[in-house]
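Engineer: Here is how the chains run, residue by residue.
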Amino acid sequence: MTGADDTRQPAPPLPATTDRLQAVASGLNVPSEVHEKVLEETPVLEIDRFNLWYGTKQALHGISMPIPHNQVTALVGPSGCGKSTLLRSVNRLNDLVQSVQITGDMRLNGDSIYDPRMDVIDLRKRMGMVFQKPNPFPMSIYENVVYSLRIDGERNRGVLDEVCELSLRGAALWDEVKDRLHDSALGLSGGQQQRLCIARAIAAEPEVLLLDEPCSALDPIATGKVEDLIQELRGRYSVLMVTHNMQQASRASDYTAFMYLGRLIEYGPTSDIFTKPMLKETESYVTGRFG
Amino acid sequence: MSFSRRRRRGVRSPFSNLIAQGEPWVWLTAGSLAVASLMIAGLLVFIAVRGAATFWPRPLVEVCLTGGQCLLGEVTDRERGEEATVGSGQTGGSQLIRTANFELTGEHFRWVDDAAVESTKRPEWATAVERLEGGRFHGYPLRLLRSGETVAEGPAAAWDEYRRIHPEVRRRYARAVWIDRHQRGELQRELRAARLAVASARLEAGAESDLVAAAKAAEQEVIARVAEQSRELDVMTNQLRDANREWSFEFRTVDDQLVTLPLEEMVQAWQPNRLGLFGKLSVYGSRWWEFLSDDPREANSAGGVFPAIWGTVAMTLIMALLVAPFGVLAALYLREYASSGPLTSIVRIAINNLAGVPSIVYGAFGLGFFCYGLGGNIDDIFFRASLVADNQPTFGTGGLLWAALTLALLTLPVVIVATEEALAAVPNSMREGSYACGASKWQTIRRIVLPRALPGIMTGLILAMARGAGEVAPLMLVGVKKLALDLPIDGSFPFIHPEREFMHLAYLIYDVGFQSPNSQAAQPMVFTITFLLVTIIALLNIAAIFIRSRLKRRYVMQQF
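If you read the protein sequences in the order shown, they are chains A and B. Mapping of the first sequence onto numbering that gives the first Met the number 0: position 232 corresponds to residue 231, and the numbering continues sequentially without gaps. Mapping of the second sequence onto numbering that gives the first Met the number 0: position 303 corresponds to residue 302, and the numbering continues sequentially without gaps.
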């Protein structure tokens, strides 16, 4: 909890009548409202005055937020507000996109993510990520789960078997696939594929689990299963999750951050955000009156 | 608001409605497809029918003309009506009869006007004989002779005896040929190696050195041993040949000349007028077998094409083995590593344009670069002795390896373009998923991208193989020969001889069809060889498609 405090100086009081969202839209710099409770938690990941540009277009404006350890944090906001960009910046997947420039930093358990000396491959091995659309690899279920071990050159069958079973149990998929571990992963249903991707992500014992709208391509029943799974992961993994679904955020997360047009507007415990937010703009968004 | 804006949309002229609904377009597109597939199917059926009919034993007809002359042969062609009779003033048509017996009559075929035909019959005992030399023989069997003495008299007895003895004669003949070709060839190679050892010792250490003396002594030893071994072989082959020479078959031709054919000369004989369906089928099968498994005879217009089949398949497979890694690696760099920019676009356009370069240009390049350049240097460094002593290049001339390399170059653009498309079709989400697991770029390519793109890459390879197997022009320059009985891959050490020249079916089509002295007789062979080439390419493709479909089942995601 070092650098984060500097950015959270008391914001210049805006007139209570000003709509912050309109202010943001007109290009004004508005401060983020971060609840005290967030700052009391031990952070696993600290985002520190993070700016990001795609070419000349700025997509993220001075985001500063700590992500609490072993809790589920949800990022909500209308499309194009930079939630996914922020998530993809955490494991530096945006490096693959040409013309991306950043300033500021993030720290994973104190290690600077954007330090030039940081090995990006090592960094990604410390995180797991699950994407919007299930993307199982074109290989067997077993090989999918142990993929991160395979690329590290692990050959010990016993280790691989153990990790495979633990991860699949962790992703609540073991009972469904234990008899066909060596069948193609592409034969699974969409919901099973997504849980397989979660199993793949937790197989490497990640310090942070990044979920990018993990349920948006799934039907309601599969969504329910994945949400239950996220509930089970709470307490064991630190989860940072992007979602479009307010109910999902309120059901599955401990903390919720509301973003708008590349800015963090309000960030606090989920119960507070949904019942007594500090800003009326947040309230109108989470209750569906806006966005 | 004007009236036209208010008009109901459905009220239009029936014609514009037709266009709008697209019915004519369905007909247009379906029609084009039908025409295209009809043309291709027609070509294939034509080739298949003509090619498959070559070996069917057709009946032998005895045709007697008004002048009293008689002909015995197969009717191979017929012309009806006006154009055949313009000069003669005759009515009716004419027929082409394959009379064979070239050494007696000076012709293989003869056109006969129907009006000049006095009588036509199908004599029971008419026999067609496929000879080692001199082409086909047609006649009536008289007697079988052993050392000039009659063993069996009369067509029936002689024919039965012939059928009993002939297989044995053929076996002895094949054995003698095998000894001549392989065992004697082996001895020749040993002699040559010893001679070259002397030459290279001379090159290395000077004419007067001990090395040369030692090599010369070794050569003398080899010469003595080879002489002794070839004397042994002589004894064996003489025995075989003498045993064969005893037997001969006397025939009467249709114009009453007596002809004695040594049994060894008779490759195959059949009496089509006596054969039932099964007898014909068995003759048909055995002639096909001869075609597929034997060496060519008589300037490639008879016998088999086995060396050409072997050469075609070997060359195509080696080409595929060469082009696959090159093409895939080049496409990988272009698609996965190179940053997109004007330079990449230029390279891509250049590759696409390479596919349009005439193939003879590749042939000329292959001859200049691979044969004379690369091969010449290899000869200078490793095969200097052969160059100096025999004035004979080893790699410095056309050969299997250079032909395969030239065709690999020719088909490279196809593979690169197909591979690039296959790589582009791999969803980016898979790459990202792999990166997110902490995989490096190469690990992602090797474990995710390549397996997923493999079916598409195979498609490119199939196209390349089909194109390469049917190519002739460049091959004529870089190693395909009219006759090359030493197979490029065979049982003698080191089994693969990449420097050897070879035969190729596509070149054989050109050679037999357009360079043959007896083009009438060779024409059916052209169809058969074409049929064979198309079949082989189809088989290679089917094998590749089978592999591809298995890969697809494994790697490509179903839609969900």
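These aren't lab readings, by the way, just hints derived from the structure by calculation. Idealized CB from N, CA, C, for every residue including glycine. Among the clues, some could well be false.
To be verified - A short, non-exhaustive set of chain B residues, derived as facing chain A with CB atoms under 7 Å:
| id | residue |
| --- | --- |
| 1 | G340 |
| 2 | P341 |
| 3 | S428 |
| 4 | M429 |
| 5 | A435 |
| 6 | C436 |
Said to hold, decoys possible - Just the calculated beta-carbon pair ranges, DEER-fashion:
| id | chain 1 | residue 1 | chain 2 | residue 2 | range |
| --- | --- | --- | --- | --- | --- |
| 7 | A | G152 | B | A216 | 50 to 60 Å |
| 8 | A | R116 | B | I345 | 35 to 45 Å |
| 9 | A | G152 | B | L342 | 54 to 64 Å |
| 10 | A | Q246 | B | S344 | 47 to 57 Å |
| 11 | B | S439 | A | R235 | 57 to 67 Å |
Engineer: Now tell me if each hint is right for this structure.
Structural biologist: Outcome of the hint check:
For B:G340, the shortest C-beta to C-beta distance to chain A is roughly 10 Å, which exceeds 7 Å, and the interface hint is violated. Because the smallest distance between the Cβ of B:P341 and any Cβ of chain A comes to about 15 Å, over 7 Å, the interface hint for this residue is violated. Interface hint status for B:S428: upheld, as the beta-carbon distance to the closest one in chain A is roughly 4 Å, under 7 Å. Hint on B:M429 holds. Least Cβ distance to chain A is approximately 5 Å, under the 7 Å limit.
Evaluation of the B:A435 hint against chain A yields a held restraint, the C-beta minimum of about 4 Å falling below 7 Å. Given hint, B:C436 at the interface with chain A, holds; its Cβ is 4 Å from that chain's nearest Cβ, closer than 7 Å. Between A:G152 and B:A216 the beta carbons are some 58 Å apart, a value that agrees with the proposed interval 50 to 60 Å. At roughly 37 Å, the beta-carbon separation of A:R116 and B:I345 lies within the given 35 to 45 Å, and the hint holds.
Between A:G152 and B:L342, the C-beta spacing of about 36 Å breaks the proposed range 54 to 64 Å. Judged by the Cβ atoms, the range 47 to 57 Å given for A:Q246 and B:S344 holds: they are separated by roughly 48 Å. One distance hint, 57 to 67 Å for the beta-carbon pair B:S439 and A:R235, is violated here, with the actual separation near 28 Å.
In the structure shown, a violation is registered for the earlier hints numbered 1, 2, 9, 11, in ascending order.
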